[in-house]
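Peer 1: Listed below, chain by chain, are the residues.
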Amino acid sequence: MLLPLAGAAIISALPKGNEKAAKQAALGTTLVVMAATIAMAVGFQRDNVELQFVEKYEWIPSFGINFSLGVDAIALVLILMSTILAPIVVLAGWDEAHGGRWSVKTFYILILVLETMMIGVFAATDLFLFYVIFEAMLIPVYFLIGGYGTGERAAAAVKFLLYSLFGGLMMLASIIALYVMSGDQGGHTFDIDKLSQLQMSSTTQNLLFLGFFIAFAIKAPLWPFHTWLPDAAKSATPGTSVLLLGVLDKVGTFGMIRYCLTLFPEASKTFTPLIMVLAVISILYGAFLAIGAKDIKRLIAYTSISHFGFITLGIFAMTSQAQSGAILYMFNHGFSTAALFVVAGWMIARRGSSTIADFGGLQRVTPIMAWSFFIAGLSSLALPGLSSFVSEFLVLVGTFTRYPVHAIIATFGIVLAALYILIPVQKALHGPTTPGNENLKDLNLREKLVIAPVIAIIVVLGFYPSPLLNVINPAAKHVVSQMGFTDPAPTNGGK
Amino acid sequence: MDASNYLYISALLFTIGAVGVVVRRNAIVVFMCIELMLNAANLSFVTFSRINGNLDGQVMAFFTMVVAACEVVVGLAIIVTIYRSRRSASVDDASLLKR
Amino acid sequence: MTTSTSLIYLIALPLAGAAILLLGGRRTNKWGHLLGTAMSASSFGVGLYQLMLMLDRPTEQRPITQKLFEWIHVGDFQVDAGLLLDQLSICFVLLITGVGTLIHIYSISYMSEDKDRRRFFAYLNLFIAAMLLLVLGDSYLSLYVGWEGVGLASYLLIGFWNQKPAYATASKKAFVMNRVGDMGLSFAIMIAFATMGTVSFVGVQEQVNNTSEAALTAMGIMLLVAAAGKSAQFPLQAWLGDAMAGPTPVSALIHAATMVTAGVYLITRSNFVFDAAPTAQLVVVIVGAITLMFGAVIGTAKDDIKKALAASTMSQIGYMTLAAGLGPVGYAFAIMHLLTHGFFKAGMFLGAGSVMHGMNDEVNMRKYGALRKFMPITFVTFGLGYLAILGVPPFAGFYSKDLIIETAFDAGGAKGIILGITTLIGASITAFYMTRVMILTFTGTKRWDDDAHPHESPWLMWLPMAILAIGSVSSGYLLSRGDALENWLHPLFNHSDEYQKHLIEPIVVSAMALTMVSIGVAIAYFKYARREVPSVAPEDVSIFTKVARQDLMQDRFNEAVFMRPGQALTTTLVAADEAVVDGAVRGVGQVAMGSGSALRGLQNGYVRSYAAMILVGAIALIGAIWVVVQ
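Chains as they are written, first to last, in the numbering used here: chain A, 22 to 516; chain B, 475 to 573; chain C, -7 to 622.
Calculated directly from the structure, the hints in this document are not laboratory data.
The model shown is predicted, which means the values in this text are computed figures rather than measured ones.
Hints may contain errors.
[Stated by the list, open to error] Part of the chain C face toward chain A, derived, beta carbon under 7 Å: (1) Val66; (2) Phe69; (3) Gln70; (4) Asp72; (5) Phe152; (6) Asn154; (7) Phe185; (8) Asp569.
Ideal Cβ positions, reconstructed from N, Cα and C, are used throughout, including at glycine.
All chains, please: the whole structure from these sequences, using the hints.
Peer 2: Right, dumping it as structure tokens:
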């Protein structure tokens, strides 16, 4: 966690006009962090469901607040994804920070600070620490959107901030309630392990659950709390959007697993039918809106809403396939969305417009860029052989064994996905080259360096997800069995 | 002598003073009404002191008078300054602190 | 089962070809087509080698497997990536790689003037690899990867010339309709896992007896939906006509011989599911019968030679589906017809490409006429395919089609009679429209455009056509001699309820079939050969023709029921999202701002109003405390 902060400090020490040094320092820092995370991942023990790499420092002893960190498999996977995405974002958006309200230096400082907090929020095991980082994360994002974005960036940034703060408020109320209750039952604490042992009445549990859940549903985003995302994604720079959709939103779904399910198992079960319905609505609604989107960044944002519907569906279906599928989906979605946004960003930078209708016939002019976009799109529609198929199918299969109707309706999403990817592909890549597009340049070396590993990850994990799955499975199974569920046995159709 | 009569007078005086503060426009008159309210309070303190048979109320009356004196000093100074710059002692004219 | 280590080469060779050609880019332009053809041919070689090995082995040991790697293991959901080669899949392997290689050779010449030729061969190789994965996968999930892979390859190939918006739209339509079918396959896999706990073919086969009929029927119908999507059966058939936008070799390979037969493969491979769910089988048969007639009727009214052949394919696959739905007796005949159809239909498509090549890519048959003098080889090969599809003995179609008609009658009872008559009428209509194609194209008077100068195609094109024509002639006889194919596939199917005797004697069936065929030929002859054929399609035709020209309103139907409402729904949701959901959020902001403005009015700067407020507030507070204390 400290490494990115150190990087931010270095950059802030650099002279203001030297943009290149800032970029290189940022790149270097993110690569180092990525390497450190990979080293940690290699040393992770798979079958141990307890927290590993635990660190604990006393922070505010009078309230029982500790600066305690620890990762389990789920957190590790998400941290890994974040640290791999960070250098990609830095490298892809090499030219993004120009023309912003503040300097290029500040842009990279903000990104590095954000990276620190991304790692922290997944690793926190103290509820207060988690809350602090959860809310604090909003600040760099607000500045990134408002200062460096395009279009209605100020309004979008404010909307994002207020919406998220509202959710945070609900969560704060619940946290305080938990804290008070823990005081009654054996000593004030914010530690998650101890809090999950609390006894409480079911109404209390329901209310507290709602407090947390609404905050995470806003972050996730789950219908009907999703409207901040399209505006934020459209106004932010592509790199920021990658981090926004690829990591920040995962905090929402991660929170659902780590906090809602662990702290309030009974309430989770009570609300599961409602949540499942909302998830299915998210899937279809997001897909329809993506089909109708005219701006390419909004379109990608809507597809994410749809994908997150799948993730939420998997989390609350309570089978090990669905849970593993949902966690794997979080990892895969980070990369598939990154690919889409990064390529879209390059397309927009070249054409100067993000309306889909302004592109056309790019396949003839810039084949490599067109192909990258196409493959990223195929990943979004979960073509078998690519990583997202494995996760999407696991979610669907897992959901079907317990909630067949939901799974059936959700599967319609795959037809809609074909439409929302192929329609922009056709408009932007196929057809005659529209005027204004004839002289666009294809990807340069730096851009190829960025997109190639992402596509490689997407393809390789499609065929060989085992390394990841082996890490995820024990944790997923642990979550499900903690809730008191076991996988439904083959029913033989009732024979 | 029924002590509660004094309480009625005190209440009456207080009300007259309150209404006067709200209704009158001249700043000096408003101040006089404030003094009237303070003295009504003093009267009720002393009456209670008499009713309860100890001196606590009369001691409070002293405090009140001191406070009244300080407040009048400051208030009159402000009014005189405003009058000098605006040539008007009307309370309604000093309304710059609005939105 | 014995394991093998070489099955993977079948898929790996064309896949490597595709990868090299796509990643290598323009540098590989000079030799790309040769590499592609070589990969396809070597895959064929491996297939032949495997066949010879298989022939040597005793029957029980014929199927072989190869486990590649652990794919997805989560809880009880254990799927490995593995391959299975048995008697059924080897038929398909040889068909795919054999016909595929011939089409590669053809394409070297056909696409020689296209500057994207290398990319074409890359896509062709990709298709071969995906199709092989489809037929070699050992579980429904592995099949699914190949299934969608061929959908992708089809999308890329149909839209090969996607500078033309209409072609890009056609490829999108194909992919989306395929995806609807894919939903069916997903559901089938989900049902399999939920009820049987496994998705491998071997596993499901073992569990079938333990599973309720309702679950199996549901699974069977879902598999049928998937097959209908991929094989252009009713009601998912509307994409096939538009798919003719792709280059003709694509139509020959994908939409005649291989991808569209994937549905029949799926149904046959899942025979154990269908045999245990008679209701599902009945639905299969009905779908097959409907499509058979649907395709035939459309074929009669098409002036575009490729679309006429496409309609014919739709109809012939209807025959195969019908046969596959007849149970264990029908599977072998479905496969036989599939193989013979692969020969003659691919041959005819390549012939159509040859005609187009010589006629400046004109597809309207009304602009052809009397081509047999100018393109003799094409005429002969096409003609042999024509005789085969008609079912004239001793050509291939005679054996395969008549066996299907026979089996249809043998199903017994009303079902048998209806199916038998349907197949017979279908045969007649087939004869009619195929004769129409022959007459319009090769005989009669010249109706060409002024700049047409038809010529025979180069040898790289007519050689594959000739080989396929030989197949059209001989394959039927070879496959049925001594019940060869039937016996070959026999061990795969459960033959507990075979029909013991024929309802109608085979010779009678053949006679009836030939009669119907002759009627069709005669009608076509009198209609087209005896009269002048107008170069422009006449307007005053019967309502039947008008409807048939519109593909029996399939596109209108799809548009009205799915597309327009779908678009309306999308627009409504976009507007609603803006107004309602976002409106609620903005509304909160408005409320906050509005109440702020209202409250701001209190700050009016008047001291007296402040004083009044203080007074009122104090009185209220005291009153409240008074009340509470009481």
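Peer 1: Please go over all the hints and tell whether each is borne out by the structure.
Peer 2: Outcome of the hint check:
no.	hint	result
1	Val66	holds (5 Å)
2	Phe69	holds (5 Å)
3	Gln70	violated (11 Å)
4	Asp72	violated (10 Å)
5	Phe152	violated (11 Å)
6	Asn154	holds (4 Å)
7	Phe185	holds (6 Å)
8	Asp569	holds (6 Å)
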